[in-house]
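Novice: Protein sequence lines correspond, in order, to chains A and B. By the working numbering, the letter at position 150 of the first sequence is numbered 157, and the numbering carries on one by one without gaps. By the working numbering, the letter at position 102 of the second sequence is numbered 92, and the numbering carries on one by one without gaps.
The reader is advised that the hints may include incorrect statements.
[As the list claims (entries may be wrong)] Mimicking BS3-like on lysine-lysine, the simulated pairs with C-alpha atoms at most 25 Å apart in a straight line are:
1. Lys193(A) to Lys222(A)
2. Lys59(B) to Lys189(A)
3. Lys59(B) to Lys105(A)
4. Lys295(B) to Lys105(A)
5. Lys193(A) to Lys59(B)
6. Lys14(B) to Lys189(A)
Don't read these hints as lab results, they were simulated from the structure.
Next come the chains, spelled out residue by residue.
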Amino acid sequence: MSTYVLMKILESAPNRYDRGINILTFGRLNKVYDRLVSHIKKDQQVLDIGCGTGELTLKAARKGAFVKGIDINPQMLEIARRKINDAYVSDNVQLIEKGVAELGDENPGQYDAVMSSLCFSELSEDELNYTLKMIWRILKHDGLLLIADETNPEIFFKKIIVGMIRIPLTILTYLLTQTTTKAITKLQERIVEAGFNIISIRRSKLDDFIEIAAKKPKGDEK
Amino acid sequence: MKSLGYIITNIVETLLRVIPFPAKTGMIKIGSPDRNSPVLLTCNFHLTVERVKKQLKGMNCYLLVANSKGINVWCAATGGLLTNHDVISVLKTSGIEELVEHKKVILPQLAATGIETKVILEKTGWRIIWGPVYAKNIPEFINNNFNSTQEMRKVNFPLIQRFEMAVSWAFPISLVVAFIFFFFWKEDILLLTSLIWALSLLIFISFPLYSNLLNVKSKRVGFILFDFGRGGFQIILWAAFVTVLAAVTFFNRNFSWQVMIHWGFLSLVVILILSLDLAGSTPVYKSGLHEDRLLDVYLDLEKCKGAGFCEQVCPRNCYVVDKTPRKTRRPRGELCVQCGACIVQCPFDALYFKNPHGDVIPPDSIRKFKLNLMGKRFIKTKND
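Extracted from the complex, chain B is given alone in its bound form:
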């Protein structure tokens, strides 16, 4: 019965994935924990809490649910919705301090874009240990003496996740389109919704085939097609289609405005799906709609002391720390998704963003204003 509920939760919240689902914040006891049991922390996106709970089954530990406004860990932490304050709050107000002897809390690694270990330690005395990216690796992580392997630190985009993503795009789009078409062209609804689902699934499932096009910086061909708002390629494509349609019908002497509007709208929907923010909805590329994508991470070797925090939190395994001399390298820098975790965590401020104009964005600006200001942060840097 319980697992049926879990399945239904997964289906409903995947269909409506674009909407936040807040879960209750606070402390959850898993099994029968004692004063030495591990303490884990996650966001309050309901699906995440359910999935983490499932992975923790059979263990004895405490799970703290911090207020991320119903949004997943990575988005919330990077966008300034899961902050130091939310972590401090659940540590201080959930009563966990009275229940355990130690002051060590395991946070999902992806929270490193917004949560600062230093601040949490200073204000609460709690030490953050970065856990694995995926909940399924938590048991192994704990058995492994709280150590993440390189594989556990990496964000992937496997078939199942691509399928989920396709569904969470297709469902709301087909709802909205069906609603509009209900009033005008009822007979097209079935065709159009099937088209939306087929296109979405095709785009996401075949993703590895053309992901290279999104990857290479110099020729981001993929962005032209799958990224609305860049270049207007889609509008040109659509205009060409409508013009051809008008010409053909005109020469066949069956031109009518009604047909034009009908097919014009239908093709617009298709074009819009093709230009959905594909890159942004994958965990391995930055959205084409954000200017953060244009930022580059720089490593200041003068300041670097090879502490390796960047290596610990990078979800793309960009970094390698050398022992002699103790310095960091970024041999896989081209994989970077500009999440900013390394910049936020570096204790020596040796990492920073540079925008295409060459302006340096100081690490403290990222820590304070995160990546959610739609350009405001740039103004801020100039004032500084």
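Chain A on its own, in the form it takes in the complex:
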């Protein structure tokens, strides 16, 4: 799934984003999102961090949940807004231009689930720590944290293979947009450190993509 580097090319042209990402992932991301929202139930309060063009937000809203999608890119949010309107779920969705650093103004214990796809890898060390702390604060007890993201494989030979696929893509993306995506390391450990209990983990064969479902344990205040 190293093709996520190309995501950056697409992101710089939000109008092409969805079509492009579908081609790049051979529809795989679609399945990833289906698995993520399988944890979500009707009428739940859900936060989607880094909602982008709103794919994941839309899926959760279709299940009847009330979703707040936040992203720092106003152009992507415009597209998300259009999609949400076209799908007639706008009553269930709220889209706001907001970054992770502004999670402090969300009420504590507000959400049944917080989900985030391909966003944590974009965050700096400081931002990630802050975000995990904030998510813990705004989740209800037994609330779920659902994450899908790019990871750095830990086994050497997988690193080499992923690197070989990734490097040319990285160079291409860099030349075109002068940005690059980062993969995240030790995501699972960080989530545990932040006080969550992992309920399920699914890794890609090359270990360069991870899906995590974690729970905020009941009762014990940190």
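For this one, chain A is given, so just place chain B on it according to the hints.
Specialist: Just chain B now, with coordinates in the frame of chain A:
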């Protein structure tokens, strides 16, 4: 040893200036700061961070490095890569709030094209103070009770910067050209790279001589030569050269396709250098490649209350604020580079852009979509 590292960093990152160099974001302690020490913020272009750190040496303060994706302050803020979110993020997540009593942060003035003081204050409680354009003026700015003089607010294009700019153009171009010529005409590489360096240096160092030609709006003669994509003057020049070459060789009976292709390509490279985006790579003129250059700033005197934010952030000192009546004037409007800082900062929306068709671009469109949409923003305005 440390200063050697600084020199190497400067050389390497000047040669490769066109490529972003991201530095680590977050908080840096300078000296031994206490709970009342000043807090400064800059972008995460590595060279900028190093240069700011050098200027802050000997002081006690905190330096926050915000994520501008490895790009310099002005370009990043104007192009939508250094945004309110990046500033909020470093203020909230770097831990600075636990370290100082006050909530005042000094930002480089050039960030005013993308960072809104009002939004930052609302969302974080931090008050932005616009610092000087150049890092070298920071110590004086701080000693001067956080006040910029008119000189500190102004963007210049001195010899040293022109030299840097020439080098950062010449190096990547000669690399690419040398690579291509390596496979076809190896013997020309030395000649051609020297030519590229000589031309680039000449163009930038002699810049003040013809900068007037770029300046006057009605006759932007300079743009014809130094701006590819306008008028196709360069292509005509090149075609004329190739035709003359063909004619001369034909009449001398030594015409050959090989010579034509060789010299045709060589002259094309020279023409391309002459038409590099000179205006755009200077800080004092707008790139010929962007339509923003065609925008004009308008001042609505009905709305203006003479708050003077525009005067504080204008890098060209276009504005003067009168005391009675309290209104703003733009006596030096012809110096404007359409950066948009005044429009973004005006609390009364008294300033806005107008495009050549006379359409008004509302200040909120600039605040939201910045100047990076290659025409998209115009579509947006029409929808509104």
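Novice: Determine for every hint whether it applies to the structure shown.
Specialist: Hint check results:
A C-alpha spacing of about 18 Å is found between Lys193(A) and Lys222(A), which places the hinted pair at or below 25 Å, so the restraint holds. For the hint linking Lys59(B) to Lys189(A), the alpha-carbon distance of about 12 Å falls within 25 Å, and the restraint holds. Only pairs whose Cα atoms come within 25 Å are accepted, and Lys59(B) paired with Lys105(A) is accepted, the gap being roughly 18 Å. Pair hint Lys295(B) plus Lys105(A) does not hold up; C-alpha atoms about 31 Å apart against a cutoff of 25 Å.
Straight-line distance between C-alpha atoms of Lys193(A) and Lys59(B) comes to about 23 Å, which keeps the hinted pair within the 25 Å bound. Between Lys14(B) and Lys189(A) the alpha-carbon distance is near 13 Å, which keeps this suggested pair within the 25 Å criterion.
Hint 4 from the earlier list is the only one contradicted by this structure; the remaining hints agree with it.
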